[in-house]
Each structure stands twice: as structure tokens, then as C-alpha cells.
Amino acid sequence: MAIEDDVLVVGGGLAGATAALAAAERDVRVRLVSHKQSTLRHASGLIDVLGYPPAGEGPLADPFPALADLPEGHPYERVGAEAVRDALAFFDGIAGDAYAGAHTDANALVPTHGGTVKPTARYPAATAAGLASDDRDALLVGFGTLPDFEAPLAAAHLEAAGVPFDARGVTVRFPGIERDDAKVTRYAHLLDRDEPVETAAGESTARAALAETVRPRLEGESRVGFPAILGDDSADAVRADLADRLGVDVFEIPMGPPSLPGLRLEDLLFDALADAGVRVTTGVPVVDYETGADGAGSSGPARIDRVTVDRNGSEVPHSADQYVLATGGLVGKGVESDRERVSEPVFDCHVPHPGDRYDWFVDDVFGDQPYARFGLPVDRDLRPLDADDALEFANLRAAGAVLGGYDFAAEKSGSGVSLATGYVAGRRAAEGCR
Amino acid sequence: MARDTEVLVLGGGSTGCGIARDLATRGLEVTLVERGTLTDGTTGRMHGLLHSGGRYAVSDQASATECIEENETLREIAGHCVEETGGLFVKRPEDSDDYFRAKLEGCRDCGIPARVRSGREAREIEPYLAEDVERAIEVPDGAVDPFRLCVANAVDAEAHGARIETHAEVIDLLREGDDVYGVEVRHGAGPGKRSDAAAGTTEEITAEYVVNATGAWAGQIGSMADLEIEVRPSKGVMTIMNVRQVDTVINRCRPKGDADIIVPHETTAILGTTDEEVADPDDYPEEQWEVEAMIDTLSELVPILAESRTIRSFWGVRPLYEPPGTGTQDPTDITRDFFLLDHADRDGVAGMSSIVGGKFTTYRAMAEEIADHVCEQLGVTASCSTADEPLPGSENLARLEAGMDDFGLRSPVARRSKQRLGSRANEVLATDEPNPVICQCEGVTRAEVRDAIEGSGADLNAVRIRTRASMGNCQGGFCCQNMAHELHPEYDEATVRAALDELVAERWKGQRHALWGEQLSQAMLNYALHATTMNRDRDPADATGDVEFAAFDGGGTRGVESRGDD
Numbered sequence: 000m001a002i003e004d005d006v007l008v009v010g011g012g013l014a015g016a017t018a019a020l021a022a023a024e025r026d027v028r029v030r031l032v033s034h035k036q037s038t039l040r041h042a043s044g045l046i047d048v049l050g051y052p053p054a055g056e057g058p059l060a061d062p063f064p065a066l067a068d069l070p071e072g073h074p075y076e077r078v079g080a081e082a083v084r085d086a087l088a089f090f091d092g093i094a095g096d097a098y099a100g101a102h103t104d105a106n107a108l109v110p111t112h113g114g115t116v117k118p119t120a121r122y123p124a125a126t127a128a129g130l131a132s133d134d135r136d137a138l139l140v141g142f143g144t145l146p147d148f149e150a151p152l153a154a155a156h157l158e159a160a161g162v163p164f165d166a167r168g169v170t171v172r173f174p175g176i177e178r179d180d181a182k183v184t185r186y187a188h189l190l191d192r193d194e195p196v197e198t199a200a201g202e203s204t205a206r207a208a209l210a211e212t213v214r215p216r217l218e219g220e221s222r223v224g225f226p227a228i229l230g231d232d233s234a235d236a237v238r239a240d241l242a243d244r245l246g247v248d249v250f251e252i253p254m255g256p257p258s259l260p261g262l263r264l265e266d267l268l269f270d271a272l273a274d275a276g277v278r279v280t281t282g283v284p285v286v287d288y289e290t291g292a293d294g295a296g297s298s299g300p301a302r303i304d305r306v307t308v309d310r311n312g313s314e315v316p317h318s319a320d321q322y323v324l325a326t327g328g329l330v331g332k333g334v335e336s337d338r339e340r341v342s343e344p345v346f347d348c349h350v351p352h353p354g355d356r357y358d359w360f361v362d363d364v365f366g367d368q369p370y371a372r373f374g375l376p377v378d379r380d381l382r383p384l385d386a387d388d389a390l391e392f393a394n395l396r397a398a399g400a401v402l403g404g405y406d407f408a409a410e411k412s413g414s415g416v417s418l419a420t421g422y423v424a425g426r427r428a429a430e431g432c433r
Numbered sequence: 000m001a002r003d004t005e006v007l008v009l010g011g012g013s014t015g016c017g018i019a020r021d022l023a024t025r026g027l028e029v030t031l032v033e034r035g036t037l038t039d040g041t042t043g044r045m046h047g048l049l050h051s052g053g054r055y056a057v058s059d060q061a062s063a064t065e066c067i068e069e070n071e072t073l074r075e076i077a078g079h080c081v082e083e084t085g086g087l088f089v090k091r092p093e094d095s096d097d098y099f100r101a102k103l104e105g106c107r108d109c110g111i112p113a114r115v116r117s118g119r120e121a122r123e124i125e126p127y128l129a130e131d132v133e134r135a136i137e138v139p140d141g142a143v144d145p146f147r148l149c150v151a152n153a154v155d156a157e158a159h160g161a162r163i164e165t166h167a168e169v170i171d172l173l174r175e176g177d178d179v180y181g182v183e184v185r186h187g188a189g190p191g192k193r194s195d196a197a198a199g200t201t202e203e204i205t206a207e208y209v210v211n212a213t214g215a216w217a218g219q220i221g222s223m224a225d226l227e228i229e230v231r232p233s234k235g236v237m238t239i240m241n242v243r244q245v246d247t248v249i250n251r252c253r254p255k256g257d258a259d260i261i262v263p264h265e266t267t268a269i270l271g272t273t274d275e276e277v278a279d280p281d282d283y284p285e286e287q288w289e290v291e292a293m294i295d296t297l298s299e300l301v302p303i304l305a306e307s308r309t310i311r312s313f314w315g316v317r318p319l320y321e322p323p324g325t326g327t328q329d330p331t332d333i334t335r336d337f338f339l340l341d342h343a344d345r346d347g348v349a350g351m352s353s354i355v356g357g358k359f360t361t362y363r364a365m366a367e368e369i370a371d372h373v374c375e376q377l378g379v380t381a382s383c384s385t386a387d388e389p390l391p392g393s394e395n396l397a398r399l400e401a402g403m404d405d406f407g408l409r410s411p412v413a414r415r416s417k418q419r420l421g422s423r424a425n426e427v428l429a430t431d432e433p434n435p436v437i438c439q440c441e442g443v444t445r446a447e448v449r450d451a452i453e454g455s456g457a458d459l460n461a462v463r464i465r466t467r468a469s470m471g472n473c474q475g476g477f478c479c480q481n482m483a484h485e486l487h488p489e490y491d492e493a494t495v496r497a498a499l500d501e502l503v504a505e506r507w508k509g510q511r512h513a514l515w516g517e518q519l520s521q522a523m524l525n526y527a528l529h530a531t532t533m534n535r536d537r538d539p540a541d542a543t544g545d546v547e548f549a550a551f552d553g554g555g556t557r558g559v560e561s562r563g564d565d
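Protein chains in written order, with numbering that gives the first Met the number 0: chain Y, 0 to 433; chain W, 0 to 565.
Excised from the complex, chain Y in its bound form (with noise of 0.2 Å):
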């Protein structure tokens, strides 16, 4: 017997984890499965909407009115604006006071570790008081035993970028840290546990000793950035008591990976889906699948009636009446390719993509690269379209980073795509349940 559930929704990223949670609202029974980790520890945990239009300036002060102009199949054009409103409203509903932007339809521009500005619009509440586009001088710390974040140079660089305010960086010593090659989470669990450190002033613990370390530092700037590392389970308690003992606001820099930030919104979604009652189950990869016999007939798309997981080794179907494909484009693996092609693993959907491999790419690192919009192609209800433009399936819809037609790395558009198809695809399934 398959286990059965009305929406299935397979991955587990910010897009997979939005269709759930929407899906959930209805009065259906909602699982989600995934099999590796989601790249959400790769991504800043910002929350961009569409900081850069495809071929036009930037960054863009407001991204709506830009939604309009898009090419068609773009997956904004695919569900439209106001699915974009409902969509972020929906995510602030979900994040609470940990994320912040939401006063106001405009971008925000945030520091990037390699100190240049970019342009989102929902920002976890630990990067708030760091806004480039608020004018309040700021010192940036960084440490020496971690080499991601310079605050020297990224302090030179914003000044490069032109940011109304004066930025300083200085190198630290991060107490506590013995090792040199130390993992971010090591920085986050010191503070999250204020362990006892040494210091040359003998035992103190591990904020009072960092806020010791920077407090002398300090020029008569009103705010104080770090890397994101300051806390994973207690951040909020962590970066308050910072503040409270510098006399300043604190804030984090969004890094690279792996993601504080990034792990947060993850806990956040995953925290969420629980809430809501959306069944979870990790680790899974999904195998095979089966239409099923009562389809539209032979001329209709067929129906998907269950799919096979793989559990350990043991073969587990599902199955449900509507299903989400939210698996990730190509650095999730929701999108594959060998030297022949490019193709999506799980229910081979079609991808388009030139037959030559030498036109996937420009010569330009960060030219227009057709690879960055590898993906599928949907219809206006998500659902997948073979390469006549029919469906794939009746019963199938995709959501975030394995659609195709879109730049996100350019466009800075990648979250705000995955809430937005996530969020309809979702609804759109739940509603589609019989």
C-alpha cells in the first residue's frame, strides 16, 4: 500500500517548503519529501525579489513595477504581480519579527561580504541595522582566523560603491577560537552558549570578551557590523546583548557558505511546516513514478499516481492526488546534464536548451549565460510543458529554482521566485485536490 496524501511536494528548499506551507492552509493533507540537503546553507538568507531587470539598470529602488515588463515565461510573468504581493505577504506571515522589509514596497541595499552593496527586499532582522542604504557610519569586524570577511578592504570597497556613510573595517581576534581553521558554527555556538573564554584579562565569557575586543575599536560609529556567525540558536539573544554592551547596534554581513543565515531561514521553514502539520520526511530521494490508468484517456496528459522513494534501500511509494516539483535547478540537482543534454531527473520533464553544449555558455564569466535560465517551462498554473507545449502531466506543478526561463544569479530575483511559484503552485494544488 502507498502512503497517501492529497499534495505531495518534493524538495525541501524555499520553494518546496512555501508550496507546503500554502498548500497547508487548505484543508488538505500536505507531505514533503527531499532528499539532500536544500542549498538554503549556500544562500545568503536575504530575501531578493528582483534587484536587476533582465537586460536593463539597476539596481532597481522598487522591484514591482519592473514585474510587468518581463518576458513572457519568466516565472513572474508565469503567475503575475500581485501573486508576488500575496507571496511576500504570505513569507512575512510565516517569518515574523525575524525578517524585516516589509514596511515598504521599496529594495533595500545590503552589504555583501565582498563588500560591495546588493539590492533585496526582506532581510532577517540580524542584517536590518546594516542597511547601505541607511547613512549612519558603521564599523565592520572582521577576524583573523576568518578569512571570508576582510572589514578592511570591505569597508574600502563600500566606499567604492559610493554608500552614504563613512565605513571603517579592523581585524580582530575572536576570543575562544583556538583553531585557525574553526567552522562557522564553532563562532556561532560560543555565543549562542556564551562559553567561559580566555582573554589576557583572564576568564570572561565569549560576548562580554568579543564586546571587550571591539569596544576600544569603536570611533563614535553608531552601528557595528560582524560576519553572519554571531549566534545559530539564540542569534536574536546573542546580537541584543552585543549591542547592549557596545553601546551601538550590531548587525551581521550575509556570507557565503556554508549559511548562518541561510541554516536560520531553513529552521524557520522547517519550524513552520511542522506547525502546520505538513508531514516531512528527509532523505529521500524520489526514484520512480507511475501514471496512473484513469487519465484523461490517450489524449489527454497524463496523470502522475505515485511515486517511488528510496528509503534507505527500501522502496516506498507514495502517492497523492496533486504534486509539486520544487527540486532545485542545477545546483539543487533538480535540473541535471551530461555532454548530451540537460534534463530533469525525477519525472523527465522537458528542458530546453540549445543541442551544441558550446552555446550553454558565454565567454563572459558573468555574461548573459544561457545555463543560468536552464529549467522548465510552465503554463500559468505551473504546470510543465513538453516541447509541443502540452502538459506533462495533469497533475504536476513546479516551483522555484527548477523553472527555467530566468537569470536569478543576475536578476537577484531567486527567493522571490521560489516564494512566489511556491506559493501558487501550492494553493493551486491544494485547490486542484478532488
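Calculated directly from the structure, the hints in this document are not laboratory data.
Treat each hint with caution, since some may be false.
[To be verified] Only some residues are given here: those of chain Y computed to face chain W with a beta carbon under 10 Å:
1) Leu157
2) Gly255
3) Gln368
4) Asp406
5) Ala408
[What the hints assert, rightly or not] If you anchor each label on the Cβ, the simulated ranges turn out as follows:
6) W/Glu130 to Y/Lys35: 25 to 35 Å
7) W/Ser95 to Y/Asp337: 33 to 43 Å
8) W/Ala305 to Y/Gly354: 16 to 26 Å
9) Y/Arg185 to W/Arg2: 58 to 68 Å
10) Y/Asp266 to W/Thr430: 34 to 44 Å
11) W/Lys508 to Y/Pro64: 33 to 43 Å
12) Y/Ile2 to W/Ala549: 51 to 61 Å
Positions of the beta carbon are idealized from the N, C-alpha and C atoms, including for glycine.
We have chain Y already, so just place chain W on it with the hints.
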């Protein structure tokens, strides 16, 4: 007339650096100029094979004999650049038995230790060899890091007083009548190049004698003084795998052909190669069929290659030469021997010789012969010591493993650092500063990166070849940025940004030929990290216009009024 230097060497490849070291250690005053980074030409674009000579044992026994002699010498003087992998010439059923016998006899004639292995024995040595490999000849091939070896020669030359000037492109040969007496160089020419001399400035460097060691570019240099040098540049592809499918050099035992060698190199395996004559060594097509041929043909020897991940491909140009009138059509038939062209004898123009042809394994012997010639011209009697004196990094290697600690590094990082640095490890790695790992794939720490910066300035590609940072699986996606961080504050922010852009562009160039499967996913991740997370693709600092910061969300404390309907 007083000259700036006794000998001026043109070209910072293995030949040029080898000559500079040889002459400098004989006590001559040497200046070397290189238009890019050391090894930028052919040296940094080879497969890393330290020939046993087996490859030439049938076709060119003089070269084969010279190879085995130099192979043994380099193991002694450059131990930290050489990995003694051993090599196999493997025979498939369709390959000629006669050729196999000829190869074996040729090896023995040339003094190359050679031993026949059965197919089963060969597969015991290399388990991924194809089931139908029938027999193999085992020879002392090795793997050599051409970057490290070349740089070690340059460093030793500098230690003996030589001036090594990179990013200095020769724009003219100074010739008066029938006498060449120096060159004019342009410093830091070209986009994004950085050197200590002001970019764009020119300098005349005069010398008693000029050695043109520019390999495939020798013809271009010669033409500046109306000298005709008939180099026949020939391109070849090398495709890099993400892991070592083999730990032994695998050669196909047949007369000649494309795609017949696999060289284990550091953490990777390099597949080679093709052989196609090109008109311009700076501008030739890098073609898809060449990459496909590496994978398809070499998977006949090692089938797993067909399913394996390649991380990039690169091309090099061989500096082939043949005397005027030889008229060889197929570049694979052009001799691999080297030629010393004394332009006084040849063209009636005194003061310069050109070195063309030759191969990496015998660079030292070539350098010795050329240095002898230069000494003869200048009336110097000092003799060559390069076959006996170890290169920097290879002194007392036997004592190295026993005598050193791990510098507080995790043991895999410490081990690899020591392999790269050899006897310099102590001086480079012993630091009181935090020494985190900058490049995770290759295990390169801050101390090693900073040592490379000290040696090569703000050119991150030069740092890369000295350390291997950014040369692993992620192809720099995770570490290019961190390498750039180490340039600051010695170099200012704009210089750091330009250096980073140049490194990222270089890393991308080779990855284009590996964009499928895992490496396409990696490329997308790298793109996302650099564009999404860091916004390096649309950095306002690079843009001409100003961003109107006040139009953006100021965090609720100022800036845009809420226009929401909530």
C-alpha cells in the same frame, strides 16, 4: 658602451628561467623579461609529464636518451616538484605487437629501465585500466609541477643576483647595424596587468648578449629585428579530471596519435592531447572535438573516464621548429629536438641567439648548452652546476619529513603544504599569525598565499600557479575571493578588485570546456555565490553611474515612506 646587464633573457618559461638560473649561478649578471606571469606561455600549459624517454624510444632515440638522463637529474635537484608515479605503456588488442616489441627494445637501447607487465599485473597497479588491456611496459615516467619548477629556477636566479621582470612585454629589439644590443619593454601592458613598475611605461634594457627563449613566440621577437625564425607552433588540449583515476602515467603503446596519455597531477588527472599546427600562438581555436576526443579515446584505456567529472580544459602551443627546407607537413612528425640559432652565424646579426624546439623534461640540459654558448661568446669560463645543485625547496629533502612539525595545521593540509613547499616549508609556514586555510580544495593556507604574494605581487594568477589555490574542484568559486583578501592592505581596494576579476575570468576560461554534469552545477553555484551573494556581476563600484541610495529602504529609520496598503 656600458650595458644594463650582461645577459638579457627573453621569456619566463622553463627554458628562459633555466638559462637565467644557469648563468646567474655561473656569476653572470642576468635580466629576464616575461610579458605575462612566469610560465604563461607553453610551460604552464603542458600535461606535467616528466618523460622517462619511453615516448621517444622508437622514433627519436637521441631525445629518449636525453630524457632519461634529465629525468634522473630532476628527481635529484627538484624533488619537491616531482612525483615518482611510474608510467605504463599499455597495449590494447588492436594495437601492434611489433610496435610493443620495438618500444621495449628501444627503451633498453636508450638505458630506460623497462619491464613488461601482463594485463592482470597492470590492472593490479591501476585497477581502472580496461579489462582488455593485454600487456604493458613499465617505465620511470613521473609527474612534475611545471609552475613550481619554473618558479624555483627564477627564485634561485634572483638569489644569485638576477633581475626577473614579469609583465614586461618586449615591444622592440634594439639593433644597430648588425648588432642586437637590447630590447625595449612595456611594463604592465595589457588590461588588468599589475606590476611594480608603472603600467604603460616603457624601458630600454641593454645587454652584452640577448637570448631569445620565447619558444612559440620566437618568430615574433625575431621579426622585430628583421630576423626570420621558422617556428611552427602546434596546439594541444589538456583536459583535467577532478580526481586521480590513475596514480601512474598511462600511455597508449602505439606510434602516435591524439589522446594517448593520462598524467596524474597533484589532486587531478590530466588527459592529453592533440597536435594541430596554428598560425598565431596567441589566437587559435579551442575546439569541442578536442575535448570529446580526450574523453572518448582515453576511456578505451580507462573506461571510468567516460562517466567522470572534468573540471576544465586548457590548451598549450608547442614551440616546434624545423630548419628551413625540411618541409614536414604533419606537425606530429616535426622533431621534438631543440635548436640553438646563433644569429651571427645564421643571419650575420651579432649579439643574440634564439632557442627553439625542445621539451620541458630536458629544459635544464638545453639551458646548460645555451649558457655554455653565451659564456663562449662573452669569454667567460665558469662551468655549469645546475645538474648538481638542488633548487630552492629541494634542499635536504630526505631530512624534511622527519624533522618538521605540522605548524598547527590539520595533517592533510600540513602534508600537502609540505609537498608543495619542500624544504621551504619551515620558513613559509612558521607564523605566529592566524593561518587559516584559504583554498579548501587544495589545502592552501594564508601563509603560503602570502609567501606567493611576496614573490609575485598582486597578480593572483601568479599566486595561483605558485600555490595551486583555486585549481581544485570548485575552480575558485569558493576561494578566489579569499585569495584576493590577502592582497589587502598591501594593495589598495581597486587593485584587489581588478586582480580578483582577472583571476575569476581566467578560472572561467578553462571551465567552459567542462560545462556538463557536476561541473555545470558547480559553475552555477559559483555564479550564484559571486553574482547573487556578492553582487560582483553588477557591483556599483564598477559602474559609471551613482546609485541613488536615498531611494532605497533605509531600514524604517529613514528613506522611502511606506507606500504599502497595510
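TODO: Of all the hints given earlier, name the ones this structure violates by number, lowest first.
DONE: Violated: none.
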